[in-house]
Amino acid sequence: MKKKMSKIALGLGLCVALVACSKDSGTVVVPVSAITVSNLAADTVTGIGVDGRPQSAGTTTYYSLVDNKVIASADAATVKWDVAFTATKILVNSGTSGPGLGGAFVFKGLFDDLKTIPADSLFATDNSNASSFAIPWGSGKGWYTYDGLTTLVNPIAGRVLVIRTATGKFAKIEILNYYKGGVTLSSTASDSDKLTKQRYYTFRYAYQPNGTKTF
Amino acid sequence: MKKTLSLLLILGLSQGANLFAQTRFAKDTLEASGDSVVVTATRTERKLSNLTVPVTIINAKTIQQNGSLRLTDILKEQTGLNLTSGFGAGIQLQGLNPDYTIILINGEPLVGRTAGVLDLNRIALGNIKKIEIVKGPSSSLYGSEAMAGVINIITDAAMGAPLTLGFRYGTYNTVDVNLETKLNTKQLQYQGFYNTYSTDGYSIRPNSNSRVTTPIDRYSTTQQLKWDLSSKTNFVLNTRFTQEKIQNEIAVANNGITIYSIGKEDIKDVNLSATLNHRFSKKLKTSVRAYSTTYDAVQNLLTINGLPYRDVLNHNFKRIENQTDWDVSKNLQAVIGFGAVWEGVKSSRYDSEKVRKQNEIQYAFTQWEWKASNKFTLIGGVRFDQNTQFASAYSPKLSMLYKLNGQHQFRFSVGQGFKAPDFRQLFLDFTNAAAGSYSVFGSAQAQQVIAKLDALGQIGNLFPNYYLLKALKPEYSNGFHFTWDWKVNTRSAISVQLFRNDIKNLIESQQVGTYISGAQIYSYLNIGRAFTTGIELEGQHKLNTNWTLSGGYQFLLTGDKDQIAEIKSGTVYTKNSQGYSRLMKLNEYVGLPNTSKHKLQVKLNYNSPKGYYLNARAIYRSRWAVNNNNGNEVFDNGDVFASGYIAFNSAAGKTFKNGLGIQVGIDNISNYIDAANLPNLPGRTFYTSFKYQFQNNKNK
Chain A
0 MKKKMSKIAL
10 GLGLCVALVA
20 CSKDSGTVVV
30 PVSAITVSNL
40 AADTVTGIGV
50 DGRPQSAGTT
60 TYYSLVDNKV
70 IASADAATVK
80 WDVAFTATKI
90 LVNSGTSGPG
100 LGGAFVFKGL
110 FDDLKTIPAD
120 SLFATDNSNA
130 SSFAIPWGSG
140 KGWYTYDGLT
150 TLVNPIAGRV
160 LVIRTATGKF
170 AKIEILNYYK
180 GGVTLSSTAS
190 DSDKLTKQRY
200 YTFRYAYQPN
210 GTKTF
Chain B
0 MKKTLSLLLI
10 LGLSQGANLF
20 AQTRFAKDTL
30 EASGDSVVVT
40 ATRTERKLSN
50 LTVPVTIINA
60 KTIQQNGSLR
70 LTDILKEQTG
80 LNLTSGFGAG
90 IQLQGLNPDY
100 TIILINGEPL
110 VGRTAGVLDL
120 NRIALGNIKK
130 IEIVKGPSSS
140 LYGSEAMAGV
150 INIITDAAMG
160 APLTLGFRYG
170 TYNTVDVNLE
180 TKLNTKQLQY
190 QGFYNTYSTD
200 GYSIRPNSNS
210 RVTTPIDRYS
220 TTQQLKWDLS
230 SKTNFVLNTR
240 FTQEKIQNEI
250 AVANNGITIY
260 SIGKEDIKDV
270 NLSATLNHRF
280 SKKLKTSVRA
290 YSTTYDAVQN
300 LLTINGLPYR
310 DVLNHNFKRI
320 ENQTDWDVSK
330 NLQAVIGFGA
340 VWEGVKSSRY
350 DSEKVRKQNE
360 IQYAFTQWEW
370 KASNKFTLIG
380 GVRFDQNTQF
390 ASAYSPKLSM
400 LYKLNGQHQF
410 RFSVGQGFKA
420 PDFRQLFLDF
430 TNAAAGSYSV
440 FGSAQAQQVI
450 AKLDALGQIG
460 NLFPNYYLLK
470 ALKPEYSNGF
480 HFTWDWKVNT
490 RSAISVQLFR
500 NDIKNLIESQ
510 QVGTYISGAQ
520 IYSYLNIGRA
530 FTTGIELEGQ
540 HKLNTNWTLS
550 GGYQFLLTGD
560 KDQIAEIKSG
570 TVYTKNSQGY
580 SRLMKLNEYV
590 GLPNTSKHKL
600 QVKLNYNSPK
610 GYYLNARAIY
620 RSRWAVNNNN
630 GNEVFDNGDV
640 FASGYIAFNS
650 AAGKTFKNGL
660 GIQVGIDNIS
670 NYIDAANLPN
680 LPGRTFYTSF
690 KYQFQNNKNK
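The listed protein sequences correspond, in order, to chains A and B. Okay, so the first sequence: first residue is 0 according to numbering that gives the first Met the number 0, each after it adds one. Okay, so the second sequence: first residue is 0 according to numbering that gives the first Met the number 0, each after it adds one.
The hints are simulated quantities; they were obtained by calculation from the structure and are not laboratory data. A couple of the hints might just be wrong.
Calculated cross-link-like contacts (lysine-lysine; reagent style DSSO-like; alpha-carbon spacing at most 30 Å) [said to hold, decoys possible]:
1. B:Lys584 with A:Lys114
2. A:Lys107 with B:Lys560
3. A:Lys107 with B:Lys584
4. A:Lys140 with B:Lys560
5. B:Lys567 with A:Lys107
6. B:Lys60 with B:Lys602
7. B:Lys567 with A:Lys140
8. A:Lys179 with B:Lys584
9. B:Lys503 with A:Lys107
10. B:Lys567 with A:Lys114
11. A:Lys140 with B:Lys584
12. B:Lys503 with A:Lys140
Given the sequences, and given the hints that come with them, work out the whole structure.
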């Protein structure tokens, strides 16, 4: 009966968010709760250039998954941040992006289904010189698709960004939305809305502070 | 008898190849004036009620009374047909894209497709006698492209008024002028047709880059000459020339900054065909047809703050063909044909716009019709196409008709259709400098080009797909059609049709590698599998001598079989309203994009013996998926849809005994507009037209 109950709980995905469950083996899984971050501005658009492309200040928003807060860009060269956002590009604190132990890969599946990072997973690091990032950048390559007809950015369903933090611990992120207020604009929204309301990340993440690969 | 024969000649000649209708069938033709003669379904003249496959006929009167000017106008009001709007106005038949329907004029194919779409606005309707639409794979007779069906536009035969003038004026300064002349002597029949069409165009959404319809000038002329060399031999010459000039002045305003560009398109389309028909005996006749067509399109785009852009497409197609019709016995008739095609394309999107890419096709076909009894007819046919650029194709078809009694008849057909890889899929050499410098290479030279780039150190990665590149196979479809016609009584008729098309070897663009820079490289592979299936219902009811109510409905289901397999295997995800991903369920899948589940049209028609007519038409199309917005590449309920809509059209007029005809009409009465998804549907438009036929006493 108990076994059945826990299966139901797993099935509902409650395990991650709310309660600790016991595995059949009896080892205790430390609960990590999912946190949602809303409307995180990432180099928002300030205008439009003569070439018709959006203009912005070119800033990067640094974020600490450990402390769930924005880190000042003055600390970009420290291990205080884990992930950083600039328009559609997501960086991890590694390689050309920062001095940390960061790394990442894109997992195909559901956020709640990723309970343990497979042991043989390969974490890539940022190497912007060859245009390659741990989280591949570009439409259809990493976490989003860009639709040239509607000019909207949509997160790809079933993508989890598995993150190794600046200090070598593990977290998982699901990008929920790219627009202000967490709602993708309608395809018929005005061009000015499409420009000014983009680059606001809403995402949920779970961070495992104990250093294991289990959430 | 001789008089009968020359009348037969005239009837037969309009289809070029199929003169000298066989005596037995010709008798049917003459006696049963209400039962139209169809040529497209079997490449021989057959009464509509004797066909084994589903055919729709649109006659000149319907076209004229509906106020249709261009081919698109009339096709969009047919059951199971929908207009598509990318790269010109194409037609989707039973859920299959415009690529898969062959468009013929007097039996000869039109060329000049952009991304698979042949812009049907190129075709003026002023001199058309009828349009025949055959649904279901017809490659067994027509070869490539006849996968979803065949649309054959048949121009007017030579009998009629010696001179007809037509003028129409409508909203957006749309002016259409027609001139038709006919000349009949004992041995010669001539028809000349001239049409000019011009419009100021319209912009539903100002200050946007979504170009709707822009100022267009179109000119077209067709000439048809038939010459009876003897009682057994005749010669038919058809020419057609169309020219289209489009001018765009595009102003894109974004946050106060406006970018101006000027676009000019110049399109020319020339068709030339010559046919020699000879009857050896009552049982044997043959025809030799030579056909040449060229489509030439030049597009220049000048942007004030950007590089000039030039796009050139020149497609030529030459064909010679022989067809022999042989009455083997009273109940067995054979058609045997063979031919050769020389086809070439020059395009600025290939490696050099100066070098013409060539393909040659040799083909042979045969069809055997066995009339087992008065109730049962069976037709078997097969065609083989061999060519130099891709794998050869074999297209069999079997169809049958069973007449249960005077009220009920059943048709069943099963056949294989194919579409050859087009020149773009074979030879494209295109790098988009504006959007990330990705490249697309046609499969015929992708490996060569990429190997060359690799030797120069430009290639980053090669994907497994690269090693799978090989000669493309044609796309194949297996089609199944079942039709039940029920003549309920003298005033009502119903027809029910079930259809299914299974398509394999779909050619899709796939990433085969990357440049060092990370930019993608694409080519084409045979990978997709899809299906379309559904029901079509058509009905007609004569309310009284003057009023008729008719309608048609199509229920359509479509799907990508590989995607369905992925959904079933639990590897396709979608997002809920909060943005959380979850597994997608099969019942959320909506099928192929741009396909609508429901299409309905209803028409109320009034025709009085005094020449007055009035019609009111409503056309409904349910929503269709246009964009994927959750990155899963599969269309589900959460994606972007174009809303379903209804368009109401109406026209009224009178034809006077002295040859004058007047007409007024309104299209899109409710002013339904969807600029993004229906650029071919302008707002409410009014028009009025005048037509005058100079009477010819000899022809009553």
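Exercise for the section: Given the hint that lysine 503 of chain B pairs with lysine 107 of chain A, test it: the Cα-Cα distance must not exceed 30 Å. Expected result: holds (28 Å)
Problem - Holds or violated: lysine 140 of chain A to lysine 584 of chain B, with C-alpha atoms at most 30 Å apart - result: holds (24 Å)
Exercise for the section: Mind checking the alpha carbons of lysine 584 of chain B and lysine 114 of chain A for me, to see if they're no more than 30 Å apart? Expected result: With Cα atoms ~22 Å apart, lysine 584 of chain B and lysine 114 of chain A stay inside 30 Å; holds.
Problem - Restraint status (C-alpha distance of lysine 567 of chain B to lysine 107 of chain A at most 30 Å) - result: holds (16 Å)
Practice task
Verify the proposed pairing of lysine 107 of chain A with lysine 560 of chain B, using a straight-line Cα cut of 30 Å.
Solution key: Answer holds: lysine 107 of chain A to lysine 560 of chain B is near 21 Å, not above 30 Å.
Practice task
For the pair supplied as a hint, lysine 567 of chain B and lysine 140 of chain A, confirm whether the alpha-carbon distance does not exceed 30 Å.
Solution key: holds (24 Å)
Handout entry: Restraint status (C-alpha distance of lysine 179 of chain A to lysine 584 of chain B at most 30 Å)
Key = Answer holds: lysine 179 of chain A to lysine 584 of chain B is near 29 Å, not above 30 Å.
Problem - Given hint lysine 114 of chain A paired with lysine 567 of chain B - CA-CA distance at most 30 Å - result: Measuring from Cα to Cα gives roughly 23 Å; hence the hint holds.
Practice task
Could you grab the alpha-carbon distance between lysine 140 of chain A and lysine 560 of chain B and see if it respects the 30 Å cut-off?
Solution key: Distance ~24 Å between lysine 140 of chain A and lysine 560 of chain B Cα, so the pair holds.
Exercise for the section: With a cut-off of 30 Å on the C-alpha distance, tell me whether lysine 60 of chain B and lysine 602 of chain B pass. Expected result: The hint holds at about 15 Å.
Practice task
Would you mind confirming whether the straight-line C-alpha gap from lysine 107 of chain A to lysine 584 of chain B stays at or under 30 Å?
Solution key: holds (17 Å)
Exercise for the section: Starting from lysine 503 of chain B, check that the Cα of lysine 140 of chain A is at most 30 Å away, please. Expected result: holds (28 Å)
Hint compliance for this structure: every hint is met.
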